[in-house]
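A.B. asks: Spelled out from the first residue to the last, the chains are:
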Amino acid sequence: MNKSIITGTKEIELIRDSYLNKLLQQCEQQSLVKDDSIGNLLRQLRQQATYQVLESRLPTNKDEEWRFTDLSPLIEINFQLGEKSNMERNIHSNALEQFIIPEAKESRLVLINGIYTPEWSDVSGMCDNVYVGNITELSAPQKEKIEQYLGTIEERNSSGAEPCPLTALNTAGLNDVAVIWVNSNAVVEKPIHILHLSVGEETPYFSQPRTLVIGETSSSLELIEEYGTIGNNCAYLTNGVTEIWVQENASVKHTRIQRESEAGFHLGKSAIAQARDSRYTCTEVNLGAKLSRHNLEIYQRGEQTETYLNGLTVVGGEQLADTHSAVLLSKPHGTVNQLHKCIVDDSARTVFNGRVFVPKAAQQTDAAQLNRNLLLSPKARVNTKPELQITADDVKCSHGATISQLEADEVFYLRSRGLNERDACVLLIDAFASEILQRIPVPSLSEKLARCID
Amino acid sequence: MTTAVKTLVNQPYKYGFVTDIEADTIPRGLNEDIIRMISAKKNEPQFMLDFRLKAYGQWQKMTEPTWPHVTYPPINYQDIVYYSAPKQKKEQLNSLEEVDPTLLETFEKLGIPLSEQKRLGNVAVDAIFDSVSIATTFKEKLAEDGVIFCSISEALQEHPELVQKYLGSVVPVSDNYFTALNSAVFSDGSFVFIPKGVKCPMELSTYFRINNGDTGQFERTLIIAEEGASVSYLEGCTAPMYDSNQLHAAVVELVTLDNAEIKYSTVQNWYAGDEQGKGGIYNFVTKRGLCKGINSKISWTQVETGSAITWKYPSCVLVGDNSVGEFYSIALTNNLQQADTGTKMVHIGKNTRSTIISKGISAGNSQNSYRGLVKMGPKAAGARNYSQCDSMLIGDNAEANTFPYIQVDNHSAKVEHEASTSKIGEDRLFYFAQRGISEEDAVSMLVSGFCKDVLNELPMEFAAEADKLLSLKLEGTVG
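Those protein sequence lines, which keep their order, are chains A and B. If you use my numbering, the first sequence corresponds to residues 1 to 454, in order. If you use my numbering, the second sequence corresponds to residues 455 to 933, in order.
In isolation and in its complexed conformation, chain A is listed as follows (with noise of 0.2 angstroms):
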């Protein structure tokens, strides 16, 4: 603990949650910042979220944005900070194989447990007006842009909610960000596949992933971020900050996978900031975790940006999803169409939470909203609350929620066509998920997670 910071009567005022603190406390042990210009901005940046994590404590379901995710299952595990040292001994050389996807075989960027790995990486296919790799191996001139970039996005949201502590601990053990930078202009082909990779330990760890993508002006990407883990059957905490800045006219196709083990607990934050023109769609998939929370904000900042947000999650067991999304518009002609669909098997529960934001500025906007819920067991549970919040006039705001078991009907007609109840059931389901899992635009990827689904 830095005791600089803290003195006299603010002491308790501070400290009102020591379960962070204790996080925050080996994320200060834990320094790989150099003493160049990016350790610099690093260091700051550190410094600052130390502070909000200060006065922060771990939100509990009294919080209106945790009111369905209980995050007290944390309190009770004693997490250390994954280091790089003893990783490498537990990865078995083929152990990456799983993961690999062809149309992405030169364009894949590994972390693992939060640090740049480049010999696993490989970015041979990489032309040049793209950067793919770490912060501290940016050209000069990027370097010294990159400070309007990292931690800028995120803004008080108009509901006067406060940023979340999560994030500001996940900034305040910044030890390394993988960056994907497309210069103006510039259409990359290959998608771009980071891989998040929790390597695992004996005992409790955690991690804190970041990733920063900027699309220059007219630029287009698709990039695939994932989140997975190699081996490990003990408690481990991915706590993962991605943001992506979409400039004028550029186009970002982001898909994002979470396959964590079900020891995991995985929470995840993306913050995308569109300029004018742009164009943003998210493919989230999730399947794992023991208990999982995705954070999704867009900030429209420019006129006739365009979001679509596709979102599948599909858990069974004991396991808990959580996605909270917040578009927040400010300039007129913006488009926004959201698709969530969840499929809810055993004991498992689901939580969305979709926020849409017109403001006053936001004339003509076209906002729908769709959540799709299908549960497939009496102890299935699910919470939703799409959200609307407008103040301009002349808006098309639509949305809407539907919750229910398959049709009767359907299996019916299905089993009076041969179809034994199983592949019946099967088949509705494999098409209730397709209808996301084809927006995918990597076809090898979206076959892979169709038969993890089955």
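Incorrect hints may appear among the rest.
Taking lysine-lysine and the DSSO-like style, the derived pairs with C-alpha atoms no more than 27 angstroms apart in a straight line are [unchecked claim]: (1) B:Lys-798 to A:Lys-379; (2) B:Lys-508 to B:Lys-495; (3) A:Lys-62 to B:Lys-515.
Everything labelled a hint here was simulated from the structure, so no lab data went into it.
For this one, chain A is given, so just place chain B on it according to the hints.
C.D. replies: Structure of chain B alone, referenced to chain A:
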């Protein structure tokens, strides 16, 4: 905005007059002595005083909720007069003739004549003035069918066992901050009891009037429909124009047993404050119905046009198998009004069904939020819900929000929710103009078209009145 329109907008609130009548008022503030005083004034049985004191104890431990999407300066609960009654010449009134004529005139002016021969149609009225019930009409006629319709203070004297059995059984004292406050200090309200198998022969209605400028109104309504009974009940409310804000924190409880049905309609037109948002009623109300028996039904219909701030969620707890809950709402806000309203449908029994139709209209600088909860319990097999909440924005300073919460713990349940937001488009107004219909008329036609689903649910006489009220409130908001 044309001048004709402007004069229409600036139409004064029709019910804003004050009745000059001597009032029996207790000192400001709230403490145990005040509660004892209210209880003593009403000559209540001991259990009632205990109930109040317990509620007061709980209220002190609670804090005011901050989650609604409304803003207002903190309320000083010690600056409110908790009991104010017009002075009557006699302690006990035996007939309507003995009621102070000033009071009768007041209600006459509000369009609620209390003398029975003057009443049109088939409606019995309980008139509540500040903290007490003035008169209840058609009591004898209703009694012939065994229907009890009286003020709750009267019910406490004559049917204490019924009150004791049901009071607080649907809305627990500590349900929220304002129910606890209401339970401690409520002064009057209506009590309705429909015995087994009786279909109430006439519409029942209660008219609430706040007169005193420093009083808060804390009324309590309790309606019980026994097996196979049915009743349709309507409430209306108005208040004079004062510069200060007044608190109205009511609690309404409904209970239906097997096969019973209650239809509860509200036309709320409290004083909404002026264009600058000065004055107006804070309407913080808890309304809840319990479908206790099988096949029972509770239907809420509300037309919310008044109040500076509305905070109100008429809810249904569907316990009995096959029971039905309905919620139809129109919430209209203009100028600086704020409304956070909606419903809760809690499905507990098997095959329970609920429907929510909510229409929000926000004009001027107002804020209109729909907040709803649909909860399917683990035992609510085959439960169904359909919700639709539409918002209409008039002018680009108005705000419309929806916060629907859906919680499903049962895989055989089916929930559908839809919401949309729109405005009165130029093209529509143009279409009307083509046909020689003025902008004003066009807007009021579009609004009543938008609200038709809900207006259809109101008893006929009131539907026409509510429709008129909506167009009156909206006049001049377009143009």
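A.B. asks: State for each hint whether it applies.
C.D. replies: Against the structure, the hints:
Our distance criterion of 27 angstroms between C-alpha atoms is met by B:Lys-798 and A:Lys-379, whose separation comes to about 22 angstroms. A threshold of 27 angstroms between alpha carbons decides the hint, and for B:Lys-508 with B:Lys-495 the separation of about 19 angstroms falls inside it, so the pair holds. Restraint check for A:Lys-62 and B:Lys-515: satisfied, since their Cα atoms lie roughly 18 angstroms apart, inside the 27 angstroms limit.
Checked against the numbered hints above, the structure breaks none of them.
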